[in-house]
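Engineer: These are the residues of each chain, in order.
There are 2 protein chains.
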Amino acid sequence: MQPVNPTFSPLYQQIKGLLLKSLQDGEWKPGEPIPSETELAVRYGVSQGTVRKAIDELAAENLVDRKQGRGTFVATHNEAKSEYRFLRLAADEEPGVKPKSTYLSVERVRASSQIAKLLDIKPSDSVFVVKRVMRFDTVPRIFDEIWLPASQYKGLTLERLQQWNSTLYGFLESNFNVRMLRAKEHIKAVSAQAEHATILQVETGTPLLLVERLSMTYADKPVELRRGWYLTDRFSYRNELY
Amino acid sequence: MQPVNPTFSPLYQQIKGLLLKSLQDGEWKPGEPIPSETELAVRYGVSQGTVRKAIDELAAENLVDRKQGRGTFVATHNEAKSEYRFLRLAADEEPGVKPKSTYLSVERVRASSQIAKLLDIKPSDSVFVVKRVMRFDTVPRIFDEIWLPASQYKGLTLERLQQWNSTLYGFLESNFNVRMLRAKEHIKAVSAQAEHATILQVETGTPLLLVERLSMTYADKPVELRRGWYLTDRFSYRNELY
DNA sequence: GAGTGGTCTAGACCACCCG
DNA sequence: GGGTGGTCTAGACCACTCG
Numbered sequence: 001m002q003p004v005n006p007t008f009s010p011l012y013q014q015i016k017g018l019l020l021k022s023l024q025d026g027e028w029k030p031g032e033p034i035p036s037e038t039e040l041a042v043r044y045g046v047s048q049g050t051v052r053k054a055i056d057e058l059a060a061e062n063l064v065d066r067k068q069g070r071g072t073f074v075a076t077h078n079e080a081k082s083e084y085r086f087l088r089l090a091a092d093e094e095p096g097v098k099p100k101s102t103y104l105s106v107e108r109v110r111a112s113s114q115i116a117k118l119l120d121i122k123p124s125d126s127v128f129v130v131k132r133v134m135r136f137d138t139v140p141r142i143f144d145e146i147w148l149p150a151s152q153y154k155g156l157t158l159e160r161l162q163q164w165n166s167t168l169y170g171f172l173e174s175n176f177n178v179r180m181l182r183a184k185e186h187i188k189a190v191s192a193q194a195e196h197a198t199i200l201q202v203e204t205g206t207p208l209l210l211v212e213r214l215s216m217t218y219a220d221k222p223v224e225l226r227r228g229w230y231l232t233d234r235f236s237y238r239n240e241l242y
Numbered sequence: 001m002q003p004v005n006p007t008f009s010p011l012y013q014q015i016k017g018l019l020l021k022s023l024q025d026g027e028w029k030p031g032e033p034i035p036s037e038t039e040l041a042v043r044y045g046v047s048q049g050t051v052r053k054a055i056d057e058l059a060a061e062n063l064v065d066r067k068q069g070r071g072t073f074v075a076t077h078n079e080a081k082s083e084y085r086f087l088r089l090a091a092d093e094e095p096g097v098k099p100k101s102t103y104l105s106v107e108r109v110r111a112s113s114q115i116a117k118l119l120d121i122k123p124s125d126s127v128f129v130v131k132r133v134m135r136f137d138t139v140p141r142i143f144d145e146i147w148l149p150a151s152q153y154k155g156l157t158l159e160r161l162q163q164w165n166s167t168l169y170g171f172l173e174s175n176f177n178v179r180m181l182r183a184k185e186h187i188k189a190v191s192a193q194a195e196h197a198t199i200l201q202v203e204t205g206t207p208l209l210l211v212e213r214l215s216m217t218y219a220d221k222p223v224e225l226r227r228g229w230y231l232t233d234r235f236s237y238r239n240e241l242y
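Keeping their order, the protein sequence lines are chains A and B.
Going by UniProt numbering, the residue at position 114 of the first sequence is 114; the numbering climbs one at a time, nothing skipped.
Going by UniProt numbering, the residue at position 209 of the second sequence is 209; the numbering climbs one at a time, nothing skipped.
It cannot be assumed that every hint is accurate.
Identical chains blur together in the list; that is why a pair holds if it fits in one copy or across any two.
[Stated by the list, open to error] No farther apart than 30 Å at their CA atoms in a straight line, the calculated lysine-lysine pairs in the BS3-like style are these:
| no. | residue 1 | residue 2 |
| --- | --- | --- |
| 1 | Lys-184 | Lys-81 |
| 2 | Lys-98 | Lys-117 |
| 3 | Lys-67 | Lys-117 |
| 4 | Lys-53 | Lys-67 |
| 5 | Lys-81 | Lys-221 |
| 6 | Lys-53 | Lys-21 |
| 7 | Lys-81 | Lys-53 |
| 8 | Lys-122 | Lys-81 |
| 9 | Lys-67 | Lys-81 |
| 10 | Lys-67 | Lys-184 |
| 11 | Lys-81 | Lys-154 |
| 12 | Lys-122 | Lys-100 |
No lab work stands behind these hints: they were computed from the structure.
Note that this is a predicted model, so its numbers are computed, not measured.
Can you build the whole structure from these sequences, using the hints too?
Structural biologist: Have a look at this one:
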């Protein structure tokens with residue numbers, strides 16, 4: 001038998017799409033609860049089990065956070081649980097040590113063709129370039145250079161960043177309504193150049209991890225590019241394979 | 001209300017446990033189908049939906065492979081789909097290039113205290129040390145040093161490895177009935193020492209990615225430790241964050 | 001056509017959280 | 001106690017694969 005309907009799409013996927021749209025449109029804000037499963041089932045005219053399966057997938061992608069007995073909440077970078085969700089560097093001995101960020105500068109420049117291509121913007125578009133250092137136990141271990149398309153972050157300044165006392169993604173979420181949902185990283189080993197050696201307080205030529213990250217929001221739209229130079233003596237980048 | 005049953009465990013989790021046991025005991029072999037959902041439902045005296053949820057989790061962990069219309073199969077490293085499941089190095093330009101392994105040596109030695117600790121064996125136990133090179137488009141890019149607890153890989157020799165023409169994990173699965181299910185990696189940047197520089201055909205001091213991997217089988221039992229030195233000019237280690 | 005996994009429903013009940 | 005998510009069931013039907 002040939003498939004009866006070659007463009008078949010399960011109901012729960014369509015519901016997931018509707019939920020995604022509401023999330024993207026800001027109908028429910030980060031940290032807030034979304035309507036209950038029974039309520040959504042009525043709204044969309046499907047059974048509760050179907051809504052449930054749609055939410056299951058959103059929860060698996062960390063877009064939403066289920067709490068038994070309380071409800072389902074829009075995921076946010078502004079809570080302890082997901083504070084360092086995207087940070088993979090940890091101490092070999094005491095993996096608990098948490099970093100502190102210091103913002104060095106914010107510049108507004110035109111995107112290079114390379115950066116523009118990755119961020120899917122025009123080379124003539126301007127971007128903010130943020131530089132910062134992350135220290136673990138007062139030792140500088142990460143130097144980040146972060147490109148943010150200016151059009152989405154109007155009014156970003158060094159002062160505002162310096163006043164913020166939580167994570168960058170929490171800042172961007174609260175101030176510019178941009179939520180980082182997933183990211184791709186490309187990792188290489190490089191030798192420390194003069195600038196990075198100075199900031200990380202090591203000799204020129206010290207091997208560093210170069211982590212290039214492209215972060216995306218809804219619909220896989222890229223909204224941040226960053227290059228991070230990691231000092232990996234006594235620390236390492238963690239990953240799990242399945 | 002206090003919880004009625006403080007050690008509550010869902011039925012489907014218990015079913016999952018039973019399925020895991022059957023997998024571990026080899027009741028169903030890699031590549032073979034497990035019984036159908038309805039059959040398992042009868043066997044365990046639960047509904048098909050409950051079996052389904054258990055299998056859902058096994059599938060999410062890549063222990064099992066669902067194929068609509070055909071059945072559910074025990075995952076294997078010996079098929080194209082999961083051939084390079086654990087390999088994260090890819091070319092920046094043409095990510096499709098696949099590697100070829102050359103085995104250099106197999107030695108049987110006593111585990112150092114450090115290696116023993118990671119593999120959860122006694123320092124007096126012996127381990128095989130396998131060395132190999134992986135080439136992408138004839139260029140050597142990875143040098144691996146692999147420790148395997150001898151007790152689980154009796155009869156491993158260089159010749160047998162050299163005759164095998166697929167992946168190492170496929171070899172270990174087929175010949176020693178050891179299946180790698182998940183692994184943890186710790187990644188650092190280091191300078192190439194003389195041995196690694198020679199093998200990878202670069203200058204001493206070239207920055208390399210050092211990837212330390214601990215692989216586990218059922219019940220999270222460690223069954224392989226490896227250190228890989230990766231050459232990352234024009235290639236990079238890929239990762240996705242959620 | 002028979003068998004398998006995949007979807008959808010309706011309803012019951014449980015565990016958990018909060019006021 | 002009332003609401004939320006989590007579990008479990010039974011049954012119907014759909015999409016896919018294979019002989």
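Engineer: Hints first: check each against the structure and report whether it holds.
Structural biologist: To see whether the hints hold, each was checked on the structure:
1. Lys-184 / Lys-81: both (21 Å within a copy, 21 Å between copies)
2. Lys-98 / Lys-117: between (33 Å within a copy, 26 Å between copies)
3. Lys-67 / Lys-117: Neither way: Lys-67 and Lys-117 sit 40 Å apart in one copy and 38 Å across, limit 30 Å.
4. Lys-53 / Lys-67: both (16 Å within a copy, 20 Å between copies)
5. Lys-81 / Lys-221: both (24 Å within a copy, 28 Å between copies)
6. Lys-53 / Lys-21: both (17 Å within a copy, 28 Å between copies)
7. Lys-81 / Lys-53: Both: 24 Å inside a copy, 27 Å across copies.
8. Lys-122 / Lys-81: Classified as neither; 36 Å inside a copy, 37 Å across copies.
9. Lys-67 / Lys-81: within (13 Å within a copy, 36 Å between copies)
10. Lys-67 / Lys-184: Classified as both; 28 Å inside a copy, 28 Å across copies.
11. Lys-81 / Lys-154: within (28 Å within a copy, 45 Å between copies)
12. Lys-122 / Lys-100: neither (34 Å within a copy, 40 Å between copies)
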